[in-house]
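Peer 1: With positions in the sequence shown counted from 1, the corresponding number in our numbering is that position plus 1.
None of these hints come from the bench; they were simulated from the model.
Simulated restraints on C-beta separations:
hint, residue 1, residue 2, range
1, G256, S47, 36 to 44 Å
2, S47, P288, 36 to 44 Å
3, A280, L120, 26 to 34 Å
Even for Gly, the Cβ is constructed at its ideal location relative to N, Cα and C.
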Amino acid sequence: MTTAKSSRPPFDPELGAILASFPEDIQAVLSIGPEDIPAFRAVNRSMRPEVELLRRGGAVAIEERLVPGPQGAPDLPVVIMRPTRGPGPWPAIYHIHGGGMVSGDQWEMAETLAGWVDLLGVVGVSVGYRLAPEHPHPAPLEDCYAGLEWTARNAEELDIDPDRLIIWGSSAGGGLAAGIALLARDRGGPALAHQILQGPMLDDRNQTPSSHELDREGFWDRTSNLTGWSSLLGDARGGPDVSPYAAPARAQHLGGLPPAFIDVGQVETFRDEALEYAARLSRAGVPVELHMWPGAWHGFSSAAPQAAISQLAIAARTAYLQRVLG
Numbered sequence: 002m003t004t005a006k007s008s009r010p011p012f013d014p015e016l017g018a019i020l021a022s023f024p025e026d027i028q029a030v031l032s033i034g035p036e037d038i039p040a041f042r043a044v045n046r047s048m049r050p051e052v053e054l055l056r057r058g059g060a061v062a063i064e065e066r067l068v069p070g071p072q073g074a075p076d077l078p079v080v081i082m083r084p085t086r087g088p089g090p091w092p093a094i095y096h097i098h099g100g101g102m103v104s105g106d107q108w109e110m111a112e113t114l115a116g117w118v119d120l121l122g123v124v125g126v127s128v129g130y131r132l133a134p135e136h137p138h139p140a141p142l143e144d145c146y147a148g149l150e151w152t153a154r155n156a157e158e159l160d161i162d163p164d165r166l167i168i169w170g171s172s173a174g175g176g177l178a179a180g181i182a183l184l185a186r187d188r189g190g191p192a193l194a195h196q197i198l199q200g201p202m203l204d205d206r207n208q209t210p211s212s213h214e215l216d217r218e219g220f221w222d223r224t225s226n227l228t229g230w231s232s233l234l235g236d237a238r239g240g241p242d243v244s245p246y247a248a249p250a251r252a253q254h255l256g257g258l259p260p261a262f263i264d265v266g267q268v269e270t271f272r273d274e275a276l277e278y279a280a281r282l283s284r285a286g287v288p289v290e291l292h293m294w295p296g297a298w299h300g301f302s303s304a305a306p307q308a309a310i311s312q313l314a315i316a317a318r319t320a321y322l323q324r325v326l327g
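Let's have the full structure, built from the sequences with the hints guiding it.
Peer 2: What follows is the structure, given as structure tokens:
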């Protein structure tokens, strides 16, 4: 089934101007086909933050480590961030990076994570995972699950309160975080207190109006989405045999999942699947806080944090964490 392209809502004027001002190397990867994946990865690598800035004047201790991956698979790189003030145990945020399943690493969103470590007094663990298309499903999912198991198993060493373990992901990381929440429920794995799904990539079927609205507009348009899902799932994409752990929108039963914070831009490919997932979680009895940011394109609050609408989105996520962590 395909859905005809529909007219889209307008971009927020400030975000639209910022999008148009991006340099040429970023403009070149706003819409990607398979041949553009190397360039997309190079752009992401070029945006890695300086570690010294992440230390926030000594408030945050940062450690890189390799931890065991799934059985028979390579070790996983993780970045561990700890507050330097006072003793724990601290709540923990387990972070899964985005990148459309084909790009990114454990340093993505590090500025945000370091800010929460400093402000909220949490331990942050950000995991790197094998990328598609070289490593299709279930490699990314199982890597992220193995990292979560390692984090929970080593809670005492990490000075983590295992009863306050939160999973957070944006974009592809949001989809993986939702899949990990399902997997942890079904395997009887680590207990998650909350899931934060930021512009999550949830549905491989590309049947919603928003999955067809953007064609070389915004960031992560319909071409990019087909590239990401095809890289992860190959010929199975859109067919009847895709696992709900790979594409959580396919999950039949959403009861028993942790409370969720979900936010999404109004003008992005993932809008409709995020809104529907939030509604289905609610109908399954799961507490949900939902935000749709008017005129916002995918990834707006990390790519354009200075914009007024981005500031509201950043504040809403932080306020949610402050509230649920007490």
